[in-house]
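**Q** Turn these sequences into a full structure, and let the hints steer you where they fit.
Counting with numbering that gives the first Met the number 0, you get residues 0 to 142 for the letters of the sequence shown.
Everything hinted at is true.
Calculated lysine-lysine pairs in the DSS-like style (CA-CA distance at most 30 angstroms, straight line):
| hint | residue 1 | residue 2 |
| --- | --- | --- |
| 1 | 56 | 137 |
| 2 | 15 | 88 |
| 3 | 55 | 76 |
| 4 | 1 | 137 |
Using C-beta positions, here's what the derived DEER-type ranges look like:
| hint | residue 1 | residue 2 | range |
| --- | --- | --- | --- |
| 5 | 39 | 92 | 27 to 35 angstroms |
| 6 | 38 | 126 | 31 to 39 angstroms |
| 7 | 79 | 27 | 16 to 24 angstroms |
These aren't lab readings, by the way, just hints derived from the structure by calculation. Beta carbons: idealized from backbone N, C-alpha and C, even for Gly.
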Amino acid sequence: MKISIGNDHAGPDYKKAIVQFLEEKGHTVYNHGTDSFDSVDYPDFGHPVAYDVESKKADLGIVICGSGNGIAMTANKHQDIRCALCWTKEIAALARQHNDANIISIPARYTSIQQAVEMVDTFLNTPFEGGRHANRVKKIACK
0 MKISIGNDHA GPDYKKAIVQ FLEEKGHTVY NHGTDSFDSV DYPDFGHPVA YDVESKKADL
60 GIVICGSGNG IAMTANKHQD IRCALCWTKE IAALARQHND ANIISIPARY TSIQQAVEMV
120 DTFLNTPFEG GRHANRVKKI ACK
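**A** In structure tokens form, the structure reads like this:
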């Protein structure tokens with residue numbers, strides 16, 4: 000699988016652990032995140048991930064910021080993106096099963112690195128259920 004990842008200054012350690020996990024599993028990773036803890040603007044890292052997923056360069060995306068909110072809002076400005084803010088692996092599973100989320104947003108200040116890796120693993124390995132959820136998902140975009 001091809002995965003795009005981006006993070007601001009709250010997430011370099013999270014990104015490093017997630018990228019290592021993904022590469023060990025044989026995934027291709029497009030890294031748009033910062034490696035610095037110096038303050039940066041999360042949209043500068045969220046938009047490239049959304050572009051990768053939107054253009055089908057990447058199958059799924061991962062974004063990380065302090066609360067997970069700002070970078071999720073950024074990604075969700077793109078019409079074909081369904082970015083889900085997740086803080087447990089159960090929510091990550093539901094985001095894929097019921098909402099066909101294609102980007103997961105991780106709140107670095109409110110989850111551990113271990114939780115983040117577990118959420119990513121769950122997110123990548125949970126399929127969309129379709130069925131009654133498909134019609135709802137079709138109604139999300141403002142096209």
